[in-house]
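Participant: Here's the letter readout for the chains.
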Amino acid sequence: MASTIVTPGQRLGYAQDFTAGSGTYERDGLLYASVVGVKKVLKDATSHLETITIVREKEQSAVPSVGSMITGKITKVNPRFASVSINVVDSTPCREDFQGVIRVQDVRATERDKVKIYNSFRPGDIVRAQVISLGDARSYYLSTAQNELGVIFAKSVAGETMIPVSWQEMQCPKTKVIEYRKCAKPF
Amino acid sequence: MSRLELLTPEGLRVDGRRPNELRKIIAKTSVLAQADGSAYIEQGNTKVLAAVYGPQEVRHRMQILHDRAIINVEFNVAPFSTSERKKRSKNDKYDNGIKLQTSQFPRSQIDIYLQVLQHDGGTLQACINAATMALIDAGIPMIDYVCASTAGCIDKQPVLDLNYLEESSDSPELTVAILPRTGKVNLMSMESRLHVDMLESVASLATEGCEQIHTILDAVVRDTTQHLKDSLMQ
Amino acid sequence: MKRSDGRTEATQLRAFAASQSLLNRADGSAKFSFGESTVVASVVGPAEVKIRDEKMDEATVELIVRPAVGFPTTKDKVLERALRQTVEPTILSGMMPRTLIQIVVQIEQVDGNILSTAVNAISLAMLDAGLPMSSLVASVTAVIDPQDNILLDPSSQELENATSVHTFAFDNTSSYNLLLSHSAGAFSEDQYFSCMEACKHASERVHAFIRTAVEKKIQKEYQQLQSS
Amino acid sequence: MDRKRVNGPELSVVPVEEHTEEKQILDSKERRLDGRGIDDIRPIFMKSGLISQANGSTYMEFGNAKVVCAVYGPRQMKKPSFTGKGVLNCEIKFATFSCKKRRAFQRDAQEKEFSQILVQALTPAVRLDLLPKSSIDVYVNVLENDGTSSTLAAAISAASVALADAGIEMYDQVAASSIAYVQNKILMDPSALEEESEDGSLVVSYMPSLNEITHILQNGNTESAIANKAVEQCIDACSKIYSVMSTVLLQSLDTSDK
Amino acid sequence: MPYLSQAERDYITEGVQSDLRADGRGRLDYRALVLETGIISQANGSARVRLGDGTDVLVGVKVEIDQVEPDADNVGKVVCNVECSPSASQQFEGHGADDLNNELTQALQRVLGGPQCGINFEKLCIIKGQQCWIVYIDAMILDYSGNVLDTIFMATKAALFNTRIPKTQIQDLGDGEFEFEVLDDVEDAERLDGIENIPIGVTLNKIGTGHIIDASPLEELCTEAKLTIAVNKDSQICGIQKGAEGGIEPGLMSEMIQTAKRIGQSLIQQLDQKLQDEEQQVDEKRLNGENIEKLGFFAMV
Amino acid sequence: MVREADPSLNEKQFVLQSLKEGLRVDGRRPYDFRSLQLSFHSDFGHVQVQLGRTRVSAKVSAEVVRPRADKPTEGLLLFNTEISPMASPAFEVGRPSEEEVLISRTIEKALRRSRAVDTEGLCIVAGEKVWSIRVDLHFFDHEGNLVDCACIAAITALLHFRRPDVTVIGEEVTIHSLDQRNPVPLSVHHIPICVSFSFFDGGELLVVDPSILEEQIREGDMTIAMNIHKEICALSKAGGIPLEMDQIIRCSKIATTKTAEITEMIQKALADDKAKRQAK
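Residue numbers (the UniProt record's numbering), protein chains in the order written: chain A, 1 to 187; chain B, 1 to 234; chain C, 1 to 228; chain D, 1 to 258; chain E, 1 to 301; chain F, 1 to 280.
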C-alpha cells in the first residue's frame, strides 16, 4: 500500500518499530497520525528505524515560531521599538497578520547602542526579519541583525520605490534623495 | 396602601420603638476567608456583608492616579432580599464618601464589595457602616470611623433609623454620615419633601444616631482585637 | 397651487435660519433650520484619536447623531453613515494625519427634511471650526406628491403623503458635482433626474445663503476688533 | 431592549395548536414515527471545505437537522494573554428561525453553556501545545434544530471534522451521539418530536481510537444500570459516526487534489 | 486564579495516588460542614452551608404566583439562579463571574428544573390553565474555596426543606371561572411536596489515575477531568455532567458513577438526619417561647 | 476621548486667592447665579435654558403605553440624561460617565421621588392605557453646573408641555389632534429648583452656581433641590470634604432665596410665551 491516506487518530504501528516523523505522535507505545494526509515510510541511513511522516494535504495556516523567517510591514515606529504586522511566515502567507516588534537593540549586530530607529525603519516599509522569542502577551520579538535581514521595499517621500545603494542608504530614482534605512542585502 | 398608623398617639412606632431609638445592631469582622478585610452588620432586619481587597495593583491602566489610591465600590443586592424578587443591575454605584488615607498608597486601588443579604430600610447607612468595619479589619489607615444613620420626619416628629415601612411611605428620609471625632458631615442625602426649618432638628437627631452607632462599632472592634490578643498570648 | 403650510410655488423653500459659533466647548458649531426643522452641529478637531481607529495617512472622521426624542436607534445609524460619507470627501484629512475629527449632530426639531438640514448645519459648523476643506456642501430635499408634481423642502405633512422622497447634496465648485443622493419610494427615472435638477438650482440658493451668513459674521468680528 | 436592531413587538407568543391526539412514539413492532428502529441513527450527510474564508469548515445534515461549522486559526488572540498553550474558543448559535420558538439574536444562557460544552468536548483532542500564544476559533451555526441534544452531538462531530479540515494537529477525532429515555426504552439520536415526550436524555462525546470519553451530559433520572447500558450504546454509535467522519475527510482530499 | 508550579502539581498528584491529601483527608472524605436554615426572614425558605473554612453558599427560596406556560398548563415551575458575589474572590468583580454563574445556573436548573428532582409539580399548580406557583431558587456564593457545586446542591436541598408555601383557597365562580385567595397566616403554610427525594450532587475530580471528593482550590487547579453526578434517595442518577478539559476512560467512568452513588446515599442520610434534628430543636424552642437565636454569620467552624 | 485637562497650579491659587477676598474670576459675588435665559421653541414642551455659557435644552413628548403590572393606575415619567460629546470631548458615547450618573440620580430624586408631576392624572384606562411622559435632555455646552441648568430645563419644559386631549367612552378611546381640541397641560404640584454649592479651603469658602473652572478646583460639592413652599425636595452631598453642620444649614437658607428668584423668573418667561402665543 504505497500511499494510504490517514486521518488524525489512525494507528500507524508500534513505537519501537518506527521513529515518529512530522504529523505523527506517540502515546502508550503506539504511533498515531495527527493530521489528514498521505503516509510515507522513509528509510534513512543513520538510525536503522524507518521514520513515518505524514505529508499534509490540508495546509495549516502558519504560526510564527522561534527561528522562523518572517516578512512584515512596519506599522508604527517609536524610539524604543518598531512594530511590525507579520504577513508571511517561512514563505507561507498567514491568513491574518500577527503582531511583532523589532526592539532597538535587535536592529543590527554592530554598534547596537548607537542605532537610531528612524534611520532604520519608516512606517509602510516591508521588512524581512527573524523571530528571536515568543515575546510578551501582545507581540513576538523580531530581529534584523543579519545582512540578509532588514528593509526589502520602501517608498520615498516622493512616493517612488527606492533602490538600496548601501546597507544603510536607499535612493529615490526620481528625486535622487538619499534616505537612511537598515537595508537587506538583495540576493 | 391604607394610611396605617406610623406613629401612635403615645409616640410609639410600628415596630414598637420610640422615635429616637436605634434598631438592634450586631456586627462582626473578618467573616470571610478570601477577602483582605470583611465585616457583617445587622441593623434590625437589614443585613449587609462587606469585603475589602487592597491596596493592590490597578486593573485598568487608564484610571491610575499618581498621587493616591482610587477606591472602587461595587454594590449588589441579593434577589431574595426584598419582599418581591427582582434581579437588579449589578453596577448601581453608591458613592459612600469614605475618608481614607488614600495618599499613603499612590498608584494603587482599593476595592470595596457590598452585598445586601436582607433589605428592611436604611441600606445605604448599613453599607457605609459595614464598609468602615471592613476597611478597619483590612488594616487600612483611616482618619476616623465613618458612621451613618438615617432619620425621617413623621407628622412633624423627627424619627431615627427608618425601617422599610416608614421608608416607603412618603415620609422624608435623610441619611447622614459623619466623622464622629470632629462631628463633621461626610455624606448627606435626603429624599422626598422635608420643610427647611425641620432640617436642623432631623439632622441633629441623625448625628446623635451616628454617635451611638460609633460607640457600638468601636466596642465590637475593640473586643475582637482583645479576643485576638488573648488567643495570641496563650 | 396651494401647499399645506401656506407656500405658493412648488420650488419655494421655507425660510432658512442659521447662527454660528454658539457653543464654547466645541471648536466649531452652528445651528441651521429649514422653517421648523432645526439641527445643531458641533465639530471638535483635529484632536487626539484612540489607537484603535488611528489612520496613518489621514484624519479619522467620527460622526454621531443624537435624535430629538429617545435613545439612538438603527434609523440614526443610517443617518450617521449617510452624513459621514457626504461630508468626509470634502475635508482635506490628508493634512492632519493620525488625528480625530469628531462631528456631533443634535436634532432639535423634526419637520420634514432632517437629512438635508443636518448636511447644511455640518457645513456651517466645519467652516466655523476652520477645518481645511476642498469645498462646501449644501443639500435640499424634494418629494413627489400623489399628483406627480415635485415639491421642494417638504414639511412633515407633505413628506407623509409623498410617493417618493429624494435628498441631494452638491458642493459649491463650478461643476456642482453630486455628493449625496438618497432616494426612497417608487419613482421613474426621469422623475429622479428632474428632482435632481430642481435640487441643484435650490442648492445654489443655499450656497449663496451660507456665503452671506459667513460674510456677515466675519464683518461683525472685524468691527468688534476695530472698535475694541 | 436591543438598540442595535429593529425590534418587533415585545411580547409575541408561539401559536398553540390545540392538542392532536397523543402520538405514539413507538408502535408495537418497536418502530419509531419516522420508521427507524430504536437504535438506528438518522442518515448523515457531511461535506467539508465549503466556506472559502475559513481555514476549515463542515456542513452536516442528519435527518432534516442542519449544522454549519467554521474554524478560523491558529491566529492572534483577540484579548492577548501570554499562554504556553494555544486556546480553543467555541461559539454555538441557533439561528433565530431554527427552533419551534424564535430565538433572540444575542446568545442566551443555553447557547453560552453549549459553547462551554463544545470547548470541553474538543480540547482533549487538539494538540494545543504546538501553537503557543495563538487561538483557534470555532463557530457553529445551527440552521435547523431537530432535537436539541442530537444537534449538540452533531455540532461536536462537525467541529472535530472542521478542525481536521483546517490542518490543525489532533490526537484523535471526537465523535458524539445522543440518546433519549422514553418509557424506560433507549432511543438513539432522538428527533424533536421524541424529545418532547422524553423522560431524560444523554449526550456522550468519545474519542474512538484513544478510547476516551471527552464529555458526558445527562439529565432526567434513570437507574444506574440503564445509564451504563445507554453509555455503551452511545459509544457504539460514536464509532459508526467516526467512520463516516473519516470517509468525509478522505473524500475532501480527492476533490482538493483535482 | 492562583498559579500552580509544576512541583506543587506533582506533590498533589502523588498524594492522591497514595490516598493522602494536603490537609490530611483521605481521597473520599468531606471537609467539616456548618449548615443552618431559616436565616433570611423575608424569604419563604433559606439555608446557609459553610464547607471547611472556605466555600460559603447562601440559598434563598421565594415563591411567587405566575401565569401558567401555554404548553404545560397544569404544572408549576422551578427557576434556579446562581450568583458569585465579588466578596467571594477578586476575579468575580464586574463581568468576571458571568461564565461561572451561567455554568452553575445551568447545572442546577438541569437537575432541579424537571420532574427528575422529585418535587410534585402538579401540586404547584393553583388553577389549571391560569395561575401556578413559581419557585425561585437563588444561590449566592459568598466565599469560594473549591467544590462549589456540591455545596450549592446541599444548601438548596436544605433551603427547600425549610420552605413553606402559603395555603390557597379556591372559590368556584361557576361556568369554569375560578378565583383563589392566598391566606397569609404563617401557621398553616405547608411544606413543598416531594422534597425528600431531591437529589444532591457529588463531584469527583480525576487527578492522575485516582479521583477525589470535595477538592480544595489547589486540587481543583490540577484536576484533569471533573464528573458531577446527581443522586437521589433511592440511588437513581438524576444527572451527569463532566467539567474541565480532560478525557475519562469509559471503565473508570462507570466505576466513578458507582462510588458517587455510594457516597451520595450516605450524605443524603446524614443531611436528612441533621435537618430533622434542627427542625425539632426550633419547634421545641418555639413551643416554650424562647426566641430562636440564629447564628447566621457568627457561626465559625 | 481626552480627559479634561486639569487647571494649572497657578490658576488654582489665583481662583482660591480671589475667593478668599470674596471675588470670583467672572466678576460675580460668591452667592450670585449666572444670567439665566429661557427660550421656547414653537412646539409645546421644548425649552432651551442658558445659565451663563452652560446651555441645556429639554424636550417633552408623550405616548400612550400599557402601564406597569404593579401600578395599573399610574402613568410613567421617564428622563433621558445621556450627555453627548457635544457638551465636552470628555464625554463618551458608550459608557455613562460618573457625572452623568450623578445628574440623572439628582433629577430623578428632585422631580420624580418628590412627586412634582401628578402621575395618577396620566391614567386613561386603568391597567390598559396610560400616558408615558418622556423628558429628553440635550446637553449642548458644559461650562459648569450642568445639574441646575438641566433641572430648570426639565421642570420648565414640563410646565410648558401640553398633551393632546383624550375622551374615553366605555372601552373606546379617542385622542384628539392639536387643532381639534386645544391640548391639556400636565398637573405639576410644585416646582423643585436645584441649587448647587462648591466648597473650597477645607469647607470654609462657599460658592453658588460654580463655573467649569471652579468645578475642577473644588474640594467638595452639594446640591439642594427646593420649591417655593420652602420644602427641600432632595439634598445630596456625596463625599468630598467633610463640612460643619451649620455650614449646611446656611446653604439651605441661601437656597431658599435663590429658589424664589428662579421660580419667579420661570413663571415670568412662561407667561410671556403664553402671551406671545395668544397674540399669534
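Note that these hints are calculated values from the structure, not bench results.
It is possible that some hints are incorrect.
Said to hold, decoys possible - Each computed DSSO-like pair below joins lysine-lysine, with the alpha-carbon atoms no more than 30 angstroms apart: (1) C:K55 / C:K75; (2) A:K73 / A:K174; (3) D:K112 / D:K100; (4) C:K75 / A:K176; (5) E:K77 / D:K100; (6) D:K100 / E:K261; (7) C:K75 / F:K129; (8) E:K123 / D:K101.
To be verified - Listing some non-contacts, in silico: residues in chain B with all C-beta distances to chain E over 10 angstroms: (9) L7; (10) R17; (11) N20; (12) Q34; (13) Q115; (14) L117; (15) L124; (16) G139; (17) D155; (18) P158; (19) K184; (20) E208; (21) D218; (22) V221.
Unchecked claim - From the derived model, a few chain F residues whose C-beta atoms are all more than 12 angstroms from chain B: (23) V64; (24) N182; (25) S187.
C-beta atoms are modelled at their ideal positions from N, C-alpha and C, and glycine is treated no differently.
Participant: Each of the hints needs a verdict: does it hold here or not?
Facilitator: Cross-check of the supplied hints:
{"no.": "1", "hint": "C:K55 / C:K75", "result": "27 angstroms, holds"}
{"no.": "2", "hint": "A:K73 / A:K174", "result": "24 angstroms, holds"}
{"no.": "3", "hint": "D:K112 / D:K100", "result": "19 angstroms, holds"}
{"no.": "4", "hint": "C:K75 / A:K176", "result": "54 angstroms, violated"}
{"no.": "5", "hint": "E:K77 / D:K100", "result": "21 angstroms, holds"}
{"no.": "6", "hint": "D:K100 / E:K261", "result": "37 angstroms, violated"}
{"no.": "7", "hint": "C:K75 / F:K129", "result": "27 angstroms, holds"}
{"no.": "8", "hint": "E:K123 / D:K101", "result": "27 angstroms, holds"}
{"no.": "9", "hint": "L7", "result": "24 angstroms, holds"}
{"no.": "10", "hint": "R17", "result": "17 angstroms, holds"}
{"no.": "11", "hint": "N20", "result": "25 angstroms, holds"}
{"no.": "12", "hint": "Q34", "result": "5 angstroms, violated"}
{"no.": "13", "hint": "Q115", "result": "5 angstroms, violated"}
{"no.": "14", "hint": "L117", "result": "7 angstroms, violated"}
{"no.": "15", "hint": "L124", "result": "18 angstroms, holds"}
{"no.": "16", "hint": "G139", "result": "17 angstroms, holds"}
{"no.": "17", "hint": "D155", "result": "28 angstroms, holds"}
{"no.": "18", "hint": "P158", "result": "28 angstroms, holds"}
{"no.": "19", "hint": "K184", "result": "30 angstroms, holds"}
{"no.": "20", "hint": "E208", "result": "28 angstroms, holds"}
{"no.": "21", "hint": "D218", "result": "19 angstroms, holds"}
{"no.": "22", "hint": "V221", "result": "16 angstroms, holds"}
{"no.": "23", "hint": "V64", "result": "26 angstroms, holds"}
{"no.": "24", "hint": "N182", "result": "32 angstroms, holds"}
{"no.": "25", "hint": "S187", "result": "17 angstroms, holds"}
Checked against the numbered hints listed earlier, the structure breaks hints 4, 6, 12, 13 and 14; every other hint is satisfied.
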